[in-house]
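Protein chains: 2
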Amino acid sequence: MRLATLRSNQPDGELVVVSRDLKKMVSATDIAPSLRVAFDDWGRNKPKLEERYRTLMAGTASNAIAFDEARCHSPMPRSFQWLDGTAYESHRYRMTRGRPAPEWFLKEPAVYQGRSDGFLAPTQDVPLGSEDWGIDFEGEVAVITDYVPYGASPSVAASKIELVMLVNDVSLRAVQAVELGKQFGFTRSKPASVFTPVCVTPDELGSAWRDNRLHLPIRCSINGQLFGDPDAGEAVHGFDAMISYCAMTQPLSAGTIVGGGTVSNQDLKRGFATIAEARSVEETSDGVAKTPFLKWGDRVRIEMMDAQGQSIFGAIDHKMARPS
Amino acid sequence: MRLATLRSNQPDGELVVVSRDLKKMVSATDIAPSLRVAFDDWGRNKPKLEERYRTLMAGTASNAIAFDEARCHSPMPRSFQWLDGTAYESHRYRMTRGRPAPEWFLKEPAVYQGRSDGFLAPTQDVPLGSEDWGIDFEGEVAVITDYVPYGASPSVAASKIELVMLVNDVSLRAVQAVELGKQFGFTRSKPASVFTPVCVTPDELGSAWRDNRLHLPIRCSINGQLFGDPDAGEAVHGFDAMISYCAMTQPLSAGTIVGGGTVSNQDLKRGFATIAEARSVEETSDGVAKTPFLKWGDRVRIEMMDAQGQSIFGAIDHKMARPS
Chain A
3 MRLATLRSNQ PDGELVVVSR DLKKMVSATD IAPSLRVAFD DWGRNKPKLE ERYRTLMAGT
63 ASNAIAFDEA RCHSPMPRSF QWLDGTAYES HRYRMTRGRP APEWFLKEPA VYQGRSDGFL
123 APTQDVPLGS EDWGIDFEGE VAVITDYVPY GASPSVAASK IELVMLVNDV SLRAVQAVEL
183 GKQFGFTRSK PASVFTPVCV TPDELGSAWR DNRLHLPIRC SINGQLFGDP DAGEAVHGFD
243 AMISYCAMTQ PLSAGTIVGG GTVSNQDLKR GFATIAEARS VEETSDGVAK TPFLKWGDRV
303 RIEMMDAQGQ SIFGAIDHKM ARPS
Chain B
3 MRLATLRSNQ PDGELVVVSR DLKKMVSATD IAPSLRVAFD DWGRNKPKLE ERYRTLMAGT
63 ASNAIAFDEA RCHSPMPRSF QWLDGTAYES HRYRMTRGRP APEWFLKEPA VYQGRSDGFL
123 APTQDVPLGS EDWGIDFEGE VAVITDYVPY GASPSVAASK IELVMLVNDV SLRAVQAVEL
183 GKQFGFTRSK PASVFTPVCV TPDELGSAWR DNRLHLPIRC SINGQLFGDP DAGEAVHGFD
243 AMISYCAMTQ PLSAGTIVGG GTVSNQDLKR GFATIAEARS VEETSDGVAK TPFLKWGDRV
303 RIEMMDAQGQ SIFGAIDHKM ARPS
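Quick mapping for you: the protein sequence lines, in order, are chains A and B. Numbers given in our numbering equal positions in the first sequence, counted from 1, plus 2. Numbers given in our numbering equal positions in the second sequence, counted from 1, plus 2.
Read the hints as simulated data drawn from the structure, not as lab findings.
To list a few chain B residues with every Cβ distance to chain A over 10 Å, as calculated:
(1) Thr203
(2) Ala210
(3) Asp213
(4) Gln227
The following label-pair restraints were derived from C-beta to C-beta distances:
(5) Ala323/A - Pro102/B: 32 to 42 Å
(6) Leu108/B - Asp288/A: 32 to 42 Å
(7) Pro294/A - Gly299/B: 51 to 61 Å
(8) Ala176/A - Leu108/B: 18 to 28 Å
(9) Gly183/A - Lys321/B: 31 to 41 Å
(10) Pro294/A - Leu108/B: 32 to 42 Å
(11) Glu53/A - Gln312/B: 52 to 62 Å
(12) Ser29/A - Ala309/B: 52 to 62 Å
(13) Ser29/A - Leu108/B: 47 to 57 Å
(14) Pro102/B - Val180/A: 14 to 24 Å
(15) Arg46/B - Arg324/A: 28 to 38 Å
(16) Pro104/B - Arg56/A: 52 to 62 Å
(17) Gly100/B - Gly183/A: 14 to 24 Å
Source: prediction; values computed, not measured. Glycine included, C-beta positions come from ideal geometry on N, C-alpha and C.
In isolation and in its complexed conformation, chain A is listed as follows (with noise of 0.2 Å):
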């Protein structure tokens, strides 16, 4: 099953199911009005949007119509928890300037938690109030799960993932810096995120979803140019221990979204999904980053392609710009 949501003058947008071609949809909001609203009982909506989805991909559903990128927003415009970790040894080790990962990171992840109260939408420009702060880009993967009860192990955390998408993680290396040092988390380093306009189920991913990981190359590209690209697939955690590692003290709610961490490759031909580790390998290598973070103005894409070449997700891709 594949679902967006569009935008609307509702806080939370409308739901409607895409088929698998990302071509055509139909709205759902007779089941739930949004996605948001229906995690609050996804185990009776579930199957109904499944059914949705069925008579759509059967080509017998009622009113449907093109599906179209551009008026989507992020699948859940905004959540009422959104915590996302770090699994990717490559990336830990280029973010500490090559240190190795401390020994914790290869037992269990670490998590922050993420401003949830108003994504953008993929399209939407990121407001950014100065070019001074280091902006930079984070492609990711991100689940979204049911209810997970209090202390659950990593095999209940893998029943819960629903739904699955990318993100980016915008985030502001200068205000991090700061950050970092009062050891609060990254309350203001990282503003708003942005997901892809579709969200499938993981049986939609077919073998590319395995061990709790999505094993596709992220394609990230700044102004038409490849950035990066790589496999999702090479984390050391993967969702079951990131969600049951969140759960220990504190069940998530039905509609939490876990992300999975800045993908990275230790191949280096791979490129990168953020700005920052380009730089640390420069500054390992040359001595000095060379790769600027980006400006306003500059544009930012990140999708994923199935075995065929098709878009799973549909595309993030937007515009740094001046808070209008």
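Following the hints, put chain B in place on chain A, whose structure we already have.
Positioned in the frame of chain A, the structure of chain B alone reads:
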């Protein structure tokens, strides 16, 4: 105006308007089903709720019934954003074992993001998987804001403070020590927070609300014994500064909860609003921390009285417990 939320089978509970003496209440679900939803259109809903409050206070509200704190959930059982800061210099000093506050602390707060997808009710047991987690409470003042625009100044931020309440920011000190090393915030060491049954508009606080601070003692008890009643007015940063800090790189959605940090006074005779501070002072003076962290079965009560000795917000009064 005073508002509360009754527990119900709805995830956001049911909105009621409460009388000044906390003795009567009247339903407001015809205005908005819940406080959380009321904030989706606060400009329209606020005057209607104020009118309901006036009729309740005038004794002309139809269907007014006795108010019972035991029926209450937290005023917002879940929120899209819960941001909690640190703003008391003596707290900072004691939490860092007597090291002076860093230079930045006097200029700006530090703010972390808390789990906001499932707060506990004020009299609900706090589920805690282990007594070895260093179970602690933190007594704080918190506010609920209307929409705060991108980059809002402190004075704009001040105009967005809609409601005031108290919170127990339950903290797990042994878990926190590990998370501080990861620098990603408090994803596991700050499980579900708990708010007082009642939240009130700032005008209900009279002269005790000034300089965007609440100048009254917060009474914190453990197992019926007063542990501390520090004055909440001693904050270095008011809520105007705290909210403005949070809005630097992203607007705050209507219904955002912002916490003012663990209340603390330089005067040690006022006691403490968290066990960790008491232990730090003991370590400094006696070489060893004597006050134990909480165990299963221990009960914490947090409330605040007005000048007439009347409870303003009702009480958080809950027990630490094994997860059921």
